[in-house]
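Working from the sequences, and respecting the hints, build out all of it.
Here's the letter readout for the chains.
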Amino acid sequence: MTLRDLLQRDRDRRTALVTGQVTPEAGRCVQCGICTYYCPINIDVRRHAWLGQPVQESHCLTCGECIARCPRGVLRFERIELFVP
Amino acid sequence: MPTRYCIVGQGVAGIAAAQAIRAADAAGPITLISDDPHGYYSRPGLAYYLTGEIQRGHLFPWREQEFQQLGLHRVLGRAISLNPAEHRLWLANNVPLVYDRLLLATGASAVRPTLPGSDLPQVIKLDNLADADQMLALARRAQSAVVVGGGITALEIVEGLRQHCRRVHYLLRGQRYWSNVLDEAEARLVMQRLAAEGVRIHTHSELAAIEAKRGRVAAVLTTAGQRIACDLVAIAIGVAPRAELAQAAGLAVARGILVDETLRTSDPDIFAAGDVAQVFDPRAGKALLDTLWNSARSHGHTAGQNMAGGALRYVKPMPLNVTRLAGITTTIIGAVGAGRDADLIGIARGDSELWRELGQALVAEEEHEVNRLRLLVGLTTLVGAVLMGDQRLSRPLQRLIGEQIDITPIRSQLLTPDAPLASLLTRFAEGVR
Chain L
1 MTLRDLLQRD RDRRTALVTG QVTPEAGRCV QCGICTYYCP INIDVRRHAW LGQPVQESHC
61 LTCGECIARC PRGVLRFERI ELFVP
Chain D
1 MPTRYCIVGQ GVAGIAAAQA IRAADAAGPI TLISDDPHGY YSRPGLAYYL TGEIQRGHLF
61 PWREQEFQQL GLHRVLGRAI SLNPAEHRLW LANNVPLVYD RLLLATGASA VRPTLPGSDL
121 PQVIKLDNLA DADQMLALAR RAQSAVVVGG GITALEIVEG LRQHCRRVHY LLRGQRYWSN
181 VLDEAEARLV MQRLAAEGVR IHTHSELAAI EAKRGRVAAV LTTAGQRIAC DLVAIAIGVA
241 PRAELAQAAG LAVARGILVD ETLRTSDPDI FAAGDVAQVF DPRAGKALLD TLWNSARSHG
301 HTAGQNMAGG ALRYVKPMPL NVTRLAGITT TIIGAVGAGR DADLIGIARG DSELWRELGQ
361 ALVAEEEHEV NRLRLLVGLT TLVGAVLMGD QRLSRPLQRL IGEQIDITPI RSQLLTPDAP
421 LASLLTRFAE GVR
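Read top to bottom, the protein sequences are chains L and D.
Positions 1 to 85 (our numbering) are the ones given, in order, by the first sequence.
Positions 1 to 433 (our numbering) are the ones given, in order, by the second sequence.
Bear in mind the hints are in silico, worked out from the structure with no lab data behind them.
Just so we're clear, the structure is a prediction, and the values are computed from it rather than from any experiment.
Glycine included, C-beta positions come from ideal geometry on N, C-alpha and C.
Covered by chain D, per the in silico footprint, the following chain L stretches (three or more residues, Cβ under 8 Å): (1) 22–35; (2) 45–52.
If you only want the chain D side, here are some residues facing chain L, beta carbon under 8 Å, derived: (3) P44; (4) E53; (5) I54; (6) L59; (7) P61; (8) W293; (9) V322; (10) T329; (11) Q391.
And the structure:
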């Protein structure tokens with residue numbers, strides 16, 4: 001991977017950070033807790049899934065670990081428009 | 001005087017009901033009775049606890065504070081008797097509880113075989129956390145394990161034991177796994193994956209007896225005369241709704257407790273929800289059982305609202321489960337099969353009787369190395385689907401089948417041999433947003 005690729009990846013990640021959020025579909029969740037277990041900064045993602053609420057926590061890294069680990073496809077990354085009134 | 005609520009069962013149906021009651025009635029006392037000393041935890045999560053993907057403590061979604069916020073009075077005990085006329089419920093300690101509205105969310109329990117040796121302590125099931133703890137404790141000391149049964153639970157056990165035991169044998173009565181939900185190709189994918197992981201699958205093998213040595217499991221004997229040495233035997237031949245309390249009290253019970261669309265039983269002050277409730281399904285035209293987590297949650301929510309004076313009607317969604325079968329993520333939705341599976345008595349966990357209510361439908365399939373899609377195509381709608389592997393189509397399928405969207409514009413294309421089903425469906429689903 002070239003330096004240019006690395007910088008691009010970092011740019012993409014930062015773009016995702018400011019324009020996206022992890023969004024659950026409560027109807028698929030069985031509260032197994034894998035998402036919370038694997039969150040690197042201990043956000044209780046499972047709680048959000050129970051409530052059907054997006055992970056709107058300023059600490060969320062949007063690293064996608066919870067999305068990748070969920071065995072039931074409960075979570076997805078959804079683009080949000082932060083500055084749209 | 002505030003309404004006194006009583007909920008028997010602390011699974012997701014009971015918890016959802018308690019939340020719905022409290023949202024509608026801030027004052028009425030709610031008593032939550034459970035005979036499971038571990039309280040509320042994720043029953044489906046036990047599969048990941050067995051494989052070591054999560055630790056035990058992570059199975060518990062709620063902290064003590066959340067129970068307190070709902071003002072729940074939790075009682076550990078077994079409800080043994082119910083008198084609907086007197087509105088009284090007795091626990092094993094003979095203390096009567098008086099209720100105004102009662103919810104029976106007692107769940108289902110594993111069917112136990114009646115074979116010689118089946119009462120040995122190393123013959124285990126997977127109903128609850130205590131069973132999972134026992135299974136792990138035994139598996140860590142075991143060299144060889146035998147699993148008998150079908151459905152999702154049998155595979156959860158196989159995969160869990162595979163992490164701990166050197167040899168895992170899986171006995172199937174017929175030629176293939178879960179024959180009334182999966183088709184031959186799907187079952188073959190699962191069985192090939194299990195075999196690749198080192199699981200020894202014995203088809204056409206029926207358990208005849210469990211042999212003991214010095215009071216411990218030593219081997220199983222099959223009806224074909226085969227003897228398989230083992231240290232533990234796990235049984236997953238289905239579950240039965242725990243409807244005894246309701247039946248003894250004179251409530252209407254068939255396979256489960258019969259309820260109407262408000263989740264009311266034959267007694268207007270008693271409701272039932274979750275695995276124990278047998279709910280009318282408008283698609284099948286009869287009352288069916290579901291043992292799905294989300295059905296239980298929805299039942300509980302509806303029952304709770306109605307216990308607190310609401311008039312909510314339960315609209316049964318198209319039954320959906322997204323699960324792992326031998327490591328292959330699989331979505332099962334709608335009617336996909338029919339008939340009986342010789343490995344199961346009745347229903348398994350994570351199952352829906354509607355899945356086996358397949359009537360007239362044509363089959364369209366697309367298969368790649370590890371991904372597979374089977375569509376059951378009705379006259380104007382999709383009636384069901386099984387999606388294995390890549391799950392990008394899972395949500396579009398859930399929408400198309402769940403909302404019974406008219407697929408007439410692409411129906412003939414779907415039924416064309418070798419049609420690119422996944423791309424056809426993806427484009428179509430995007431177009432009907």
